[in-house]
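Peer 1: Protein chains in written order, with our numbering: chain A, 1 to 537; chain B, 1 to 357.
You may find that some hints are simply not true.
Unchecked claim - Footprint (simulated), chain A over chain B, 3 or more residues, beta carbon under 8 Å:
1) 42-53
2) 212-224
Unchecked claim - Which chain A residues stay away from chain B? Per the calculated CB distances, all over 10 Å, these:
3) 28
4) 146
5) 171
6) 358
7) 381
8) 406
What the hints assert, rightly or not - Pairs of lysine to any residue residues, derived as SDA-like cross-links and limited to a Cα-Cα distance of at most 25 Å, are as follows:
9) B:223 <-> A:83
10) A:46 <-> A:107
11) B:165 <-> B:145
12) A:276 <-> A:435
13) A:414 <-> B:324
14) B:223 <-> A:321
15) B:223 <-> A:387
16) A:400 <-> A:465
17) A:414 <-> B:346
18) A:414 <-> B:148
19) A:414 <-> B:299
20) A:283 <-> B:343
Just so you know, the hints here were simulated from the structure itself, not pulled from any lab data.
Every value quoted in this text rests on a predicted model; they were computed, and no experiment measured them.
Even for Gly, the Cβ is constructed at its ideal location relative to N, Cα and C.
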Amino acid sequence: MPDDQSAIMVAAPQDTVETATIIMRGIIKRFPGVVANDGANLEVRKGEIHALLGENGAGKTTLMNVLYGIYHPDEGEIWVDGQRAAIHSPQDAIRLGIGMIHQQFRLVQTHSVTENVILGLKESFFFPERAARKRILELTEKYGMKVDPDARIWQLSAGEQQRVEILKALYRGAKILILDEPTSMLTPGETKDLLNTLRRMTAEGHTVVFITHKLEEVIEASDRVTVLRQGKVIATLETAATGESKLAQLMVGREVLFHLDKKQVDTGPVVLEIDKLSALNDKGMTAVVDLSLEVHAGEILGIAGVAGNGQRELVEAITGLRDATGGRIAVNGQDITHVPPRARIERGVCCVPGERWTALIPGMSIADNLILKNYLQPPIGRGLFLDRAAIAAYADGLIKDYAIMTPDRRTPIKMLSGGNIQRALLAREIACQPALLIAAHPTSGLDVGATETIWQLLLAERERGTAVLLISEDLEETLSLSDRVAVIFEGQIMGLFPAKDANLEQISLMMAGALRLPVRSTLRQAQGSAYLAGEPA
Amino acid sequence: MKIPRLRFERRLSSPQWLQVAALVVSLLLAMLTIAVIFYALGVNPLIAFQRIFRGGFGSVYGLKETVTKSIPLMLAGVGLTLAFKGRMYNIGAEGQLFMGAIVASGLALEFSEWPAYILLPVMFLGGFLGGALWAAIPAILKARFRVDEVLTSLMLVYVASDAVKYLVYGPWRGTDTRGFPITDEFSAAAQLPRLIDSRIHYPTLILALLLAVLIYLLVARTKLGYEIRVTGENPDAARYAGMNYQKIALLVMLISGGLAGLAGVGEVAGIHFRMRPPEGISPGYGFTAIIVAWLARLNPLAAILTAFLLGGLLVGGDAIQIALNLPAATVHVFNGVILLFVIAGELFTRYRIRLEF
Ligand SMILES: Nc1ncnc2c1ncn2[C@@H]1O[C@H](COP(=O)(O)OP(=O)(O)O)[C@@H](O)[C@H]1O
Ligand SMILES: [Mg+2]
């Protein structure tokens, strides 16, 4: 390998070779139609927390998948601890001490934590459980990660499952840990715990690379940050020497407005009225319990909470995809508790569901996706037929009005970027002139620019007098868009208050189920009382 | 030493040219595999292929036979494009074809004095209903009890086939058939006209072509077709948009079963003029129709062409069975190999696969 050695000398100055544990040089990875990584350089120092920041689609995941051996780069070189590395598979990466925790966990739901940790390891053939269990307990102790080694995965929260993934990597001897958007599914409290754990690991000599598109996390947790934009590395900076607005500008490539232009809107009559609603989840367990809410015309009511606390079931009960097992739902005074979905659509209930692809048909054209809600009515539907000219005019109109970036209306919707897909979805729902617009996680996975436009569309609906029910895990989003905020935990409303009175600490407690305020579901009651009088549950 | 390895990367989209290329390459590989089989059977593959082609397409007689056999393939295949579009994996067109044949034969034997212009339409209508109802069973079982329609529709093939056997060996066995398990010949009114010097029962052919166009228009231009496409591509989105999933599933099954039933009517009223044991009525048209639909990429108009091609393969297969003394199952082996490769070929349109050293 003498050639490789000399190459290092040429490529990297002596001092970085000393401290850099990973060097990636000129990484190019092409996918059909996109260059996901376009000559990316990355240098990660031993013992640091290195943030990889970039908008969605910037190529962060791809770059790390290259490092972890999932993708093979078209060009470029990788050095690990001063050695030229040929990483052809995750096994190779693990051998080099690199572990990766993906956005989607890869755990066997019905197995225990211990079983998952040792799954696939060679030495785990003969009754290795006891030794493994002991080692897992040591690791959890050492890094302050609470997990029961005997729990089954399905019993664990997202945060706990993530810890299992981290344990898996550590157990396999990972010295360098890559985490892909690790905080996207955590509560603020869990996020804090995770960052603590990461700090303890770096104190023990581990190195952490974490991917994110959230600026405040970069500032809070990282030692250095590398910014990616459209596959290229824009800069690597000492975190201490930079700030949020500087990073945002590097990430997006232009100035970003951080404030929202939220107009004063007089709220109208109650549009959505939910009274003591109960519903079950797919496993038949209670997911929504005696939940009561009112949403007024011209108001955004935000529901904050960690995903999996009944939000999805609540939305589906309102749209009619899930049976209510108790209680009552009314829209504009009409009881819709047990009417089929189509009748609810006709009464003005429109919905952007959290799982985008349950409301879109990936392989069908944008035009065909845009007519999903109104294909039955003229001018789109005429008699038994669809009017193709009307479809074309309608689709082109929406594409123009909502600035959906697409070659044309015939392009399959799955070919669009996340932001444009979401804009198309929202355009379709808004175009029906809803009385009630439900928007679940409307900006999840979107970059700053796309998020901004989605927010503006929601605010415009509010001004038009639509009742908007916003469901989001992003607290910042919920607080800045909503007029009132409800916190949901295990299917119950833990507190409901005007957004301007929000207290982050209390919200965190409510999201974790540790605090419950007396329920005041109506606007009048909430305005009439100081919500801060709440008692810990 | 490095062992080369295969890597799979998911594609976000698959361009048209790739889909065509995958199809062509799949067919070539299928041919290659079939060539190996011929070789193993001690037959020169080149000669065999040449005989197949000449048998199916190389003479006027062959072409006529090819068209004749493409009629049931077209009817059943067009129906299956619709079912598959709606994500109902109807594997039992063969059984639905038999039911169509049974109903049509029953009508022909019972009302033999009716004039042709009443009897034949009634037979087609009855055959359609027979096939449709037979296909409704899996659809209802799926809607009610979530039973997989692949299994039920396939199992019902054997029930229908045994029903045919029972009828021709039992109550419907003819009076002047010298003991053969067949019915009496239908009255002239129940016999479809044919093109001169051929077995092409053109009313059925015209019906098949018409239905291919109709189904195409249904899928591409109507509200119902839109609902079928949405349901087939994403049932969640269909539910979300308030479409009645079960109604649509039932409907596509009824139509595809009905079309297979029409194929059965054509066989008894246009080819045999009587009911025979199941092997006599269909050499597996209902199964071959699956390949017709799949090769046509679920496009009913393309199914006209693929039905013709596979009809030719059936005729050519018959020809080499006799000429080269090959077992009767040879053609089924072909069909299986072709389907296998075509489906495997789809993998290439969905993943990028490369060899890495
Ligand atoms: N398997 C793939 N096939 C084709 N394109 C891909 C694939 N994976 C990622 N891409 C594309 O590469 C670009 C970068 O994606 P990704 O690395 O996931 O971005 P990030 O993680 O920064 O959001 C995007 O345009 C994405 O669509
Ligand atoms: Mg990513």
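Peer 1: Now, for every hint given, state plainly whether the structure supports it.
Peer 2: Here is what the structure says about each hint:
Evaluation of the coverage hint for the segment 42-53 of chain B: breached, as 0 residues show C-beta separations to chain A shorter than 8 Å, against a requirement of three. Under the rule that three or more residues need a Cβ within less than 8 Å of chain A, the assignment of the segment 212-224 of chain B holds, with 4 such residues. A cut-off of 10 Å between C-beta atoms confirms that residue 28 (chain A) is not in contact with chain B; the least separation is 15 Å. The beta carbon of residue 146 (chain A) sits about 35 Å from the closest Cβ of chain B, which is more than 10 Å, so the claim that it is off the interface holds.
Remark: the non-interface label on residue 171 (chain A) is consistent with the geometry, its nearest Cβ contact in chain B lying 26 Å away (cut-off 10 Å). Interface exclusion of residue 358 (chain A) from chain B breaks down, the closest Cβ pair being 4 Å apart, not more than 10 Å. Its beta-carbon lying about 5 Å from the closest one in chain B, residue 381 (chain A) breaks the requirement of being farther than 10 Å from that chain. Every CB of chain B lies more than 10 Å from the CB of residue 406 (chain A), the least distance being 13 Å, so the non-interface label holds.
With a C-alpha separation of about 62 Å, the suggested pairing of residue 223 (chain B) with residue 83 (chain A) is violated against the 25 Å cut-off. With a CA separation close to 29 Å, the supplied pair residue 46 (chain A) and residue 107 (chain A) exceeds the 25 Å bound. Between residue 165 (chain B) and residue 145 (chain B) the CA atoms are separated by roughly 30 Å; this puts the pair beyond 25 Å, and the hint is violated. The straight-line distance between the Cα atoms of residue 276 (chain A) and residue 435 (chain A) is roughly 22 Å, inside the 25 Å bound, and the hint therefore holds.
Distance check on the hinted pair: residue 414 (chain A) and residue 324 (chain B) sit about 51 Å apart at the alpha-carbon level, beyond 25 Å; violated. For the hint linking residue 223 (chain B) to residue 321 (chain A), the alpha-carbon distance of about 22 Å falls within 25 Å, and the restraint holds. The suggested pairing of residue 223 (chain B) with residue 387 (chain A) holds, with an alpha-carbon distance near 9 Å, which does not exceed 25 Å. With a C-alpha separation of about 23 Å, the suggested pairing of residue 400 (chain A) with residue 465 (chain A) holds against the 25 Å cut-off.
For the hint pairing residue 414 (chain A) with residue 346 (chain B), the CA-to-CA distance comes to about 19 Å; that is within 25 Å, so the pair holds. Between residue 414 (chain A) and residue 148 (chain B) the alpha-carbon distance is near 29 Å, which puts this suggested pair outside the 25 Å criterion. Between residue 414 (chain A) and residue 299 (chain B), the direct Cα distance comes to roughly 22 Å. Compliance with the 25 Å bound is thereby established for this hinted pair. Of the supplied pair hints, the one linking residue 283 (chain A) and residue 343 (chain B) is violated, its CA atoms being roughly 34 Å apart against a limit of 25 Å.
In summary, the numbered hints that this structure violates are 1, 6, 7, 9, 10, 11, 13, 18 and 20.
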